[in-house]
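Undergrad: Sequences are here, hints too, so could you generate the full structure?
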Amino acid sequence: PDVLSVTGFTIGSSPTVYAPVGAGGGAVTIPGVGLVSISTDGTWSFAPDADYNTDLSAGGSVFPTITYTVEDGAGSSDTATLIVTVTPTNDAPAATDDAVTTNEDSPVSGAVILNDIDGDVLTASLATAPSNGTVIVNTDGTYTYTPAADFNGTDTFTISVDDGNGGIDTAT
54 PDVLSVTGFT IGSSPTVYAP VGAGGGAVTI PGVGLVSIST DGTWSFAPDA
104 DYNTDLSAGG SVFPTITYTV EDGAGSSDTA TLIVTVTPTN DAPAATDDAV
154 TTNEDSPVSG AVILNDIDGD VLTASLATAP SNGTVIVNTD GTYTYTPAAD
204 FNGTDTFTIS VDDGNGGIDT AT
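For the sequence shown, this note's numbering gives the first residue as 54, with consecutive numbering after it.
No wet-lab data here; the hints were simulated from the structure.
Bear in mind that the values here come from a model prediction, so they are computed numbers and not experimental data.
Backbone N, C-alpha and C fix where the C-beta goes; we use that ideal spot for every residue, glycine too.
Take the hints with a grain of salt, since some may be wrong.
What the hints assert, rightly or not - Distance windows between CB atoms, simulated:
#, residue 1, residue 2, range
1, GLY79, THR134, 18 to 28 Å
2, ASN205, LEU179, 45 to 55 Å
3, GLY163, PRO84, 33 to 43 Å
4, VAL56, THR142, 33 to 43 Å
5, THR181, SER67, 46 to 56 Å
6, THR132, ILE170, 35 to 45 Å
7, THR225, THR132, 54 to 64 Å
8, ALA180, ALA133, 44 to 54 Å
9, VAL153, SER66, 12 to 22 Å
10, ALA182, ASN156, 52 to 62 Å
TA: Structure, rendered in structure tokens:
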């Protein structure tokens, strides 16, 4: 039987032909995608960059086409395409702690800075109430804190941010 071996591969529309591992080649970095390597025996590996996925419905990226050539040692060769789909995982939202100052007996309004790398719709809510006043938290992260009558000093409350997919963060 003939022994088949991978003799080279290309990535996307680039004309560069990469040598496989075991034939002088190594892993190749695909900018914004990850690290890929193919061995002469046809085994391959892919290590995606952080937060890379191919979920097109969520605005993800298309994995570049990898075309590789296989030879049988007797002069015959063929090409094939490696297709990799990276399934996304949910990334938790990030809420940023903040501090505001107000005069005694004066309400103050603010907004928690909300971020979510995978673009989920975020919902804010009150997680821990203040001890010396009241707070109204809107779902968009805006809030109005009203100190208790004649209170002066430091008071805190915690806002929870939920991405609807199991990711939660809090800010104080």
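Undergrad: Does each hint fit the structure? Answer for all of them.
TA: Against the structure, the hints:
Checked against the given bound of 18 to 28 Å, the beta carbons of GLY79 and THR134, roughly 21 Å apart, stay inside it. The given range of 45 to 55 Å is broken by ASN205 and LEU179, whose C-beta atoms sit roughly 22 Å from each other. For the pair GLY163 and PRO84, the supplied restraint of 33 to 43 Å holds, since their beta-carbon distance comes to about 39 Å. At roughly 39 Å, the beta carbons of VAL56 and THR142 sit within the given window of 33 to 43 Å.
The given range of 46 to 56 Å is respected by THR181 and SER67, whose C-beta atoms sit roughly 53 Å from each other. Restraint check, THR132 to ILE170: a C-beta distance of roughly 36 Å satisfies the suggested window 35 to 45 Å. Separation of THR225 from THR132 is about 57 Å and conforms to the stated range, judged on CB atoms against 54 to 64 Å. About 53 Å separates the C-beta atoms of ALA180 and ALA133, a value consistent with the hinted range of 44 to 54 Å.
Checked against the hint of 12 to 22 Å, the C-beta distance between VAL153 and SER66 comes to roughly 52 Å, which is inconsistent with it. At about 21 Å, the beta-carbon gap between ALA182 and ASN156 misses the expected band of 52 to 62 Å.
In this structure, the hints that do not hold are numbers 2, 9, 10, in rising order.
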